[in-house]
Amino acid sequence: MSDPKDFVASIDSDQRRSPTRVVFVTRRTSAQVRVTQEDQVQTYPAVLFRAALAIELLAIALVLVSLFLNSPLEGIADPTHTPNPAKAPWYFLGLQELLHYFPPVVAGVLVPTLLIIALVVIPYFNINIEANGLFLKDRTKRLRLFYLAALGMLAFLLVFHVYVAVPPTVIVALAMIVAANSTPDSPSRFRRYLARKPLAYWIMTWFLFELIVLTAVGTWFRGPGWSWVVPWRS
Amino acid sequence: MSTKAEQIIEQVRAGRVWRSVFRSGTGQSTLHRALAIQQNIFLHLFATKVRKRMVRFSATWYLGTLTFGTFLILVITGILLMLYYHPSVPQAYADMKDLQFVVSSGLFLRNLHRWSAQLMVFLVFAHMFKVFYRGAYRTPREFNWVIGIVLLLITLLLSYTGYLLPWDQLAYWAITVGSNLSSAVPLVGSKIHFLLLGGNQVNANALLRFYVLHCVILPLAAILFIAIHFWRIRKDGGLYVQQSDPRAQADVESEPDAKEVQ
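Quick note, the sequences are listed as chains A and B, same order.
For any residue, its number in the working numbering is found by taking its place in the first sequence, counting from 1, and adding 237.
For any residue, its number in the working numbering is found by taking its place in the second sequence, counting from 1, and adding 1138.
Chain B on its own, in the form it takes in the complex (with noise of 0.2 Å):
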């Protein structure tokens, strides 16, 4: 017995308006569970089907889907953060003291950007060693691996150039401490020192130049790769499971897109 509720809902979902945005019908069968993934942007990066011993926690403890999670509360706090900040000096500074003292829940919405971020950057190294430790990075994911590295490089490049934000004492010598190690790179070292910070110091340029790599260009790189980096674990046959002989591995998951609803 479907309730009142229940009822309307399912007349909407049936109507014409709501067909025309999402291209799959409704219903419970298996086939339109399917195409409600298949035929969504976001979710068709997705496979239909997941092995059920690899939904159990055991089996990835989800670091991955929980990194992925981080991310989400880092862009939502971080957009907000950005309503209240100025990339100058020494305005940045005094955004931060008008988020703890003046802007209603500014303090809990830097404290929640802050401790997710210190999150992903563990989590992100949790899930490369489980991910290790299970053999997952084996034929046919070596390149899912490698794209996996260069997501830990993204996350460490977001973590970093945000901590100069604040434009504190803390951030501000952490940041000396971090950019003079790039001086020493053999032969063009000043010159990448130059290029990162717009001078020869931190300064106001370098606050500048971190502001926009952490706000636009490492985040549209991280959901780039993000996108890729899912959508090949439905290419390279789901999620990977140990099996008594790993070479079987190959044959038993390259034959994916065969199966899936057209």
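Okay, chain A solo, but in the shape it has when bound (with noise of 0.2 Å):
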């Protein structure tokens, strides 16, 4: 959004959007822009065209794939004959990654139940304007929760031998401690970035990489028994 630099000076010339206005701004200060009224498109025809120009090209390439790509089909269902590993639809291998650590109530019941209350929730909290960096304020307290909450999920997974959620787990954790000890006025671009990033930020970023890393094991690295296998030696 904002890219803080020592010194910005701008003219624009167009007249309806911006009238003539020099602006400088300055670190740790910001001009206070409310843009009531910006350049609009029709949606008809514009938008309407650039939406259909989407959704062909996207049936475009769905075409192409489909020609050379066929969809797997196996034997007719037999309910005697059970084949090593049975796997769900990979969107959900994920959760039956996890299916073999827990018991089925925690991962086939309790996880799911509550993600969908997470994510249902997210907009509600009010701790995820962007302006406010999880580190910024009550520091020492917030760090000690961070540390107590991290070590304890670590602990957590260890126990159960969930090794393959420890790495996510790790990197979105360093990533945080870098974040606690970056400012907004930091020199580095990328330690800014951090250091403004809210609580719900850092949970759904963890997510996102645990979901990605239990689906691709889940996907391409168990084999009989829920074994380790690797893809390209099978």
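Just so you know, these hints were derived from the structure itself, not from any lab.
Treat the hints with care, since some could be wrong.
[Unchecked claim] Under the rule of at most 27 Å between Cα atoms (straight-line distance), these lysine-lysine pairs were calculated in the DSS-like manner: (1) A:LYS324 x B:LYS1329; (2) A:LYS434 x B:LYS1268; (3) B:LYS1235 x A:LYS324.
Assembling the complex is the task here: the two chains are given apart, and the hints tell you how they should meet.
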């Protein structure tokens, strides 16, 4: 969004959009610009045309894929013959991977329910305003809570031998430590970015990492008896 | 200079029959273009104008539009596939073989349906994360985010119920693994499992239930919630634009209807 530089001078010649105005923005101060009127395009035809074009390009891509890549079709369903491993559709393989470590009531009921509740309540928390970085207020207290939560989560994962979920947790925790030791006016662009991120951002990013890792492991790296395999040697 | 063809089209559009169907008149003016959106039952879900910078690819990556695109492809190919499919055992599997070897372009049709379905699940997730990282779920858009979560669940259920229909080993055991999880629900688990499958294991009843869910109930629910989802974009002030002061967002955008042409 804002990309603070030492000094920004801009002159815009579009009279309608910005009446003649020279803005000086220095570090730590920002001119608050409230755009009440900005350039708009008409939905018909401009936006509808672009949407139709996007959908047509998508259709062309899917047709090409469908011409050259056939859907799998195995033998007829046979209740007496269980394949090993029996896998769910790919988007549930993250949960199936968890099923390997936890009882079904946790991996199959508790985790999905909590996930859905967490996703639904996201916008109803007032912790998401971009300007409020997680560690910018009450730094000591929040840092203590963060260490408690991160170490607790790691201990939990290690006790249940969920080693695949450890690397994403460690990576996000390290990024959060960097964020805690950065300020929004740090000279490094990356640190400025991290310092401004609220709690919801960190939780969601951790969730995204785990989702990708668990799904990838369940899809490609699990074989008979849910043992480790490498996809290129099957 | 307009060509002869364009003149004929203009004449048709200005004629009585056309005007009786489409409530907005012809014309190139801003008013007429606004009316073309506003006076149409489907298009009136959208705003008559969109901020210029939100039309750029980088703003949204068109993920919502593309998700809707996969849904359209799935409805069309799904209806065509229904013409060749019987939800019974073992005919369902025989129909798969027929699609592969007998029906013209049958395999292509099934491929298109399957790959679009996989892509739709992926795009729904991508859309959700893009909206989150843009911060576009904030006030006053909280409830549209919740509707989005409902649509995510409907998409997963659509994909999951469709997974059983080929009635091959892959389908059968994937659904067995998934549906066994419902037995783990405390107290009522076995009842839910029975209700879902119409039996204690995946059988012909389960196939029929999944077929009805996949072809009737879930698509209708999806269409309903997609309509609300689109309409709420307009009512909540259009596509979210990041501003220097997040609180200004609500003030700026909560005057949407005043600007519209009545």
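Here is how each hint holds up against the structure:
1. A:LYS324 x B:LYS1329: 24 Å, holds
2. A:LYS434 x B:LYS1268: 15 Å, holds
3. B:LYS1235 x A:LYS324: 23 Å, holds
Violated hints are absent here; each numbered hint is respected by the structure.
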